[in-house]
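Chains as they are written, first to last, in this note's numbering: chain A, 1 to 308; chain B, 1 to 308.
Don't take each hint at face value.
[Said to hold, decoys possible] Anything over 12 Å on all C-beta distances counts as not near chain A; from chain B, calculated:
#, residue
1, V37
2, P147
3, A191
4, A192
5, E202
6, M223
[Unchecked claim] Stretches of chain B that chain A covers, calculated by requiring three or more beta carbons in the stretch to come under 8 Å of a beta carbon on chain A:
#, segment
7, 13-26
8, 193-199
9, 235-244
Simulated from the structure, these hints should not be mistaken for laboratory data. Just so we're clear, the structure is a prediction, and the values are computed from it rather than from any experiment. Backbone N, C-alpha and C define an ideal beta-carbon position, used for all residues, glycine too.
2 protein chains.
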Amino acid sequence: MNLIRRIEAGRGEFLLFALTPPRRSTEPEQVREIAEVTAARLRPLGLDGLILYDIADEAERNPDERPFPFMPTLDPADYLADHLTAWPTPVIVYRAVGKYAPEELRTWLTGQDPERVMTVLVGAASSTASSRMSLADAQALRQDANPALRLGGVAIPERHSRREDEHLRLLAKQEAGCRFFVTQVVYDLNAAKNFVSDYHYECRARGMSPVPLVFTFSVCGSMKTLAFLRWLGVDVPRWIENELRHADDPLEASYQQALTTATELIAYCRTLGVPFGINVESVSIRRVEIEASVRLAEALRAQLRRKC
Amino acid sequence: MNLIRRIEAGRGEFLLFALTPPRRSTEPEQVREIAEVTAARLRPLGLDGLILYDIADEAERNPDERPFPFMPTLDPADYLADHLTAWPTPVIVYRAVGKYAPEELRTWLTGQDPERVMTVLVGAASSTASSRMSLADAQALRQDANPALRLGGVAIPERHSRREDEHLRLLAKQEAGCRFFVTQVVYDLNAAKNFVSDYHYECRARGMSPVPLVFTFSVCGSMKTLAFLRWLGVDVPRWIENELRHADDPLEASYQQALTTATELIAYCRTLGVPFGINVESVSIRRVEIEASVRLAEALRAQLRRKC
């Protein structure tokens with residue numbers, strides 16, 4: 001059953017891999033090469049789908065210095081159209097809606113094949129960020145321009161730790177058409193469980209079916225990558241930080257931690273009966289970290305019950 | 001190797017059970033009966049030691065209404081002396097130091113057999129609580145009155161979550177003579193791991209040996225017991241609360257959770273090489289909850305490598 005049918009049916013147990021498009025400054029020839037190398041690296045994983053992120057400069061969200069400088073990246077829609085047409089699975093294209101004029105987004109939405117593409121619409125990173133369009137307007141635009149195009153949203157367990165209302169935000173987004181949610185990178189298992197649990201029981205109380213929650217995992221091979229994760233808003237528990245700081249091989253330690261966290265979260269979701277997907281990304285562009293992420297996806301694929 | 005030798009050697013993998021003495025209003029005849037029933041219930045567990053709590057009215061610590069009314073209990077030293085002389089293992093007697101005049105505490109300390117008794121000195125529950133003696137004074141008194149009597153202290157992972165300095169407090173207490181630490185009931189595995197991790201790496205940085213950390217576990221059979229745990233300052237994660245609230249059999253669900261949390265924490269301590277002990281208590285005086293606590297101790301005993 002392909003990813004789109006699976007999400008339509010509210011079923012989980014699928015595996016995604018998320019990519020950030022190459023920097024905008026990359027030579028076109030090199031972009032093609034990157035796309036080819038990436039596709040060749042990911043094809044053996046037997047993924048159910050690919051995610052393409054839409055990177056916005058989130059400097060307004062966080063006053064601290066960004067550990068890695070912001071580099072504008074290619075538009076994920078262009079990257080897909082120009083270089084990944086041969087990719088065999090459905091692709092989930094993120095749209096940071098604040099970056100686009102309504103007509104620009106409408107044109108893109110209208111042109112998408114709902115049997116091949118899904119989209120995740122992402123609101124502005126902070127309420128003060130200058131934004132050309134609100135999330136609600138973008139959601140309404142999708143409904144109007146291409147209602148068959150499946151819509152997803154972002155879910156942030158860390159926000160649930162602070163405000164305890166992320167499950168209610170998800171249910172509001174479901175009412176606005178979302179059929180799945182994707183988290184940012186998960187390091188805090190307890191926060192993720194609190195979030196899943198509240199979502200599960202709220203769905204039950206309302207007599208609604210939960211939609212698939214896609215949990216994102218990644219490896220972290222250095223203290224600089226860890227600092228970047230924190231800058232992005234990821235809660236990394238102290239004991240995990242300590243372990244990475246003192247490990248002989250932080251990347252391997254991080255790989256093991258991510259595997260353990262994902263395994264426990266998978267078991268927890270199954271216990272509750274909440275459909276889930278797994279998404280793996282590489283936060284860093286270092287080759288060893290990318291390769292470890294691919295290994296992580298491979299190991300997690302083995303845990304999924306894809307016949308469900 | 002008995003508990004006292006084990007603690008002296010800085011070795012873990014031991015099992016304790018903690019009791020709250022009967023209410024002071026209990027008829028003497030009934031106190032004897034309770035002691036006999038309790039000893040008979042615990043003897044088959046093959047415990048390494050018993051803990052006797054010293055209950056203070058902690059109303060000053062928490063302005064919220066206490067879910068169960070405060071009932072003064074028998075002095076744990078009296079309970080031991082009068083009713084548990086036949087108990088076969090060492091006993092750890094708590095002393096809420098603020099309750100005692102210095103001479104009163106000195107007399108007790110002097111009279112204890114260091115081959116049979118250890119003590120945990122507990123400071124006032126809040127800095128504003130009226131107190132007849134400070135923790136530092138009581139520690140100095142122990143050193144003076146009976147230096148052979150092994151001393152322990154309390155450890156509070158929840159405090160570490162808020163202030164991130166519980167590991168430093170422990171090291172200061174070690175310098176004041178503490179040879180082991182006992183936590184309050186652990187429900188937040190992540191907080192416990194953060195605390196153990198920081199303690200481990202700080203010991204390493206200072207070239208000091210870690211002393212055994214005794215983690216306390218309990219079952220929680222009702223929302224009222226859960227409210228009481230929270231009143232006592234225990235962080236109970238939302239997902240655990242949800243699970244207990246919705247379980248057909250909350251006591252059984254809680255038993256499974258405690259077992260899982262303890263198992264994971266045991267594995268984590270072993271990975272770090274931090275010596276640990278396990279303590280089981282029954283927070284509630286309901287018979288079914290006491291029996292489930294005994295079952296929990298039995299299940300955890302099977303996991304300990306007591307030959308270490």
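We went through each hint and held it up to the structure:
1. V37: At roughly 37 Å from the nearest Cβ of chain A, B/V37 sits farther out than 12 Å, so the non-interface label holds.
2. P147: 35 Å, holds
3. A191: The claim breaks: B/A191 does not keep its Cβ more than 12 Å from every Cβ of chain A (closest is about 8 Å).
4. A192: 9 Å, violated
5. E202: 10 Å, violated
6. M223: 14 Å, holds
7. 13-26: violated (count 0)
8. 193-199: Contact hint for the segment 193-199 of chain B vs chain A: holds, 5 residues under 8 Å.
9. 235-244: This one holds; 5 residues, not fewer than the three required, reach chain A with a Cβ under 8 Å.
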